[in-house]
Amino acid sequence: MSFCPAAPASPVVNSAVPSEKPPTVRFRDVGLRYGRSPEILRDISFDLEPGSFHFLTGASGAGKSSLLKLIYLANRPTRGQVQIFGQDAQRMRPKDLPGLRRRIGVVFQEIYLMEHLNVFDNTVLPLRIAGQNPQDYRNDAAELLNWVGLGRRMDAMPETLSGGERQRLAIARAVVGRPSIVLADEPTGNVDHEMGLRILRLLVELNRLGTTILIASHDQDLVARSGMPVMHLDGGRLSHSQSPFQPDLGAEPMGAGDI
Amino acid sequence: MAKAFDHRRWIPAPLLPRQDGRDASLVFVIAVLCFLACLTGIGGLGADRAAQGWGRQLKGSATIIVRSTISQVPDAVADQAVQVLGQVPGVKSAIAQDRSEAEALLAPWLGQDSVLQNLPLPRLVNVQLDVLKPATSESMANALKAAGLDVTVDDHTLWMKDIGRAGDMARGLAIATFALMALSAAAVITFATRAGMSMRHQIVELLHLTGAQDRFIADLFQTRFAIMAFFAGFLGAGAAAGLAAVVRTLGGAEGLTPVLPIAWTDLLITLPCPVVAALVAALAARLTTLGLLRAMP
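Chains A and B are the protein sequences, given in the same order. Read the first sequence against my numbering and you will find it ends at 272, with the numbers running on by one and no gaps. Read the second sequence against my numbering and you will find it ends at 286, with the numbers running on by one and no gaps.
If you're looking for bench data, these hints aren't it; they were derived computationally from the structure. Misleading hints may appear alongside valid ones.
What the hints assert, rightly or not - Example chain B residues on the side facing chain A (calculated, C-beta under 7 Å, incomplete): (1) Phe(-6); (2) Ala2; (3) Ser50; (4) Leu195; (5) Leu198; (6) Gly200; (7) Ala201; (8) Ala284; (9) Pro286.
Glycine is no exception: its CB is placed at the ideal position from the N, C-alpha and C atoms.
With the rest of the complex left out, here is chain A (with noise of 0.2 Å):
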């Protein structure tokens, strides 16, 4: 296993042809109500095929995180289907869900690192939780921070981390176990424009080696500069548009160097 770039590159595949494999993630007619309030999503209906790379945009309170929720499993649809990897979220055994969630990572909006634990710590959870053996994986994670340019914070507790650096570590700490998707909720929320940029060429690097990337902003700019395909969430309702800019994110394929 390695994350380094330089494994053979395969296209990007931003806006991936269907296949004949089911779509990492599939929406029909959902909609997603809390209590008795009014629906926040509405008649949701997309697919996410493997490899995709998609931004999810819309006004602050549109729904972005709640309809990430979803792919996450973190939230149940009051109606219609969700299917995650060709799965019914709804008819999945409880018992399955937690093996389902490891081929997921998130970036949560709110970063939620273990503030006890060191950088390595805190990058190596999904595959402690996942039961591997250090010895299997403890080389992957100090090339992965290498790569996120962490390289020489991993003994750093996250309070001495600049708000780039937890971004980065959250993002390292959502592809460690190599999940499938990658789900990310305002990863350029705590960072300059610069550092955003950043965050974003990893993204597109892990697009690059097949993960299926979606990322819900509100950065109107940065989406604009990716050239990648845009939803964009409305009063609960989904469009689907192509970023009107061409990709400005640096011509040539990035690395470490680039970060």
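Please arrange chain B on chain A, whose structure you already have, making use of the hints.
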């Protein structure tokens, strides 16, 4: 200069913090409750022992009032009664009180003036009975009357009932107090553990969403809180045992008061306390964690 981190020598850190500032109040509460529960337990044992002692003392003795006529020498009549009683099965020993002892008993009411010296005082004979097969009041009275003695036998039956009732009440109260104390300690440990758990709600949620099995998370918190409660229980039980040891040392076998005699073996009751506290906390933490997880999708 700090040593550079070497991931090849990395040792996984505990997933839950070993120490947490928020735990101090929880440890204090559990320790105090364990202290009180242990003290109540020791007190209960003392009360039980006192009640048994009172009963044993009364059951094992009797008092004979020996009256004499004008022509008889009271002390000689009392000595005769002692000899007769020595032949009665179930009597261990009998000791006659002389006149001065009888006067001393009456002095509070009649004073120590010459009035007493002119009165024909009956003599008292203190009888120690065989505890296993005590002589009955009837057998003693019959034997004494057969010897021509005018006596009244008091085997404390009247007192025995009252003392027995008082002893039973003291014992029952001690057991009930201990049970209540132990139950309330368990309830507060449960409550405090749940409060501690809810403060860690975010960790539970993160582990859950990262793909941890419910059992894995429950095991983590169960172990964490069990260790903490064991430590707190150890402190509380240790303090209670220490205090009881001081009382035992200062007061001897009788304790500081005859109402609560303390034996060294009573201190053993504190031994299970840390384990019980740990078990209660572990169960509370496990159930709370699983409850939190059940509320999550």
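Here's how the hints hold up against the structure:
1. Phe(-6): Since the shortest Cβ distance to chain A is 4 Å, the answer is holds.
2. Ala2: This hint holds: B:Ala2 lies near chain A, its Cβ roughly 5 Å from the closest one there, short of 7 Å.
3. Ser50: violated, 68 Å
4. Leu195: This hint holds: B:Leu195 lies near chain A, its Cβ roughly 5 Å from the closest one there, short of 7 Å.
5. Leu198: OK, holds: B:Leu198 within 7 Å of chain A, min 6 Å.
6. Gly200: holds, 4 Å
7. Ala201: holds, 4 Å
8. Ala284: For B:Ala284, the interface hint is violated, since the closest Cβ of chain A sits about 12 Å away, which is over 7 Å.
9. Pro286: This hint holds: B:Pro286 lies near chain A, its Cβ roughly 5 Å from the closest one there, short of 7 Å.
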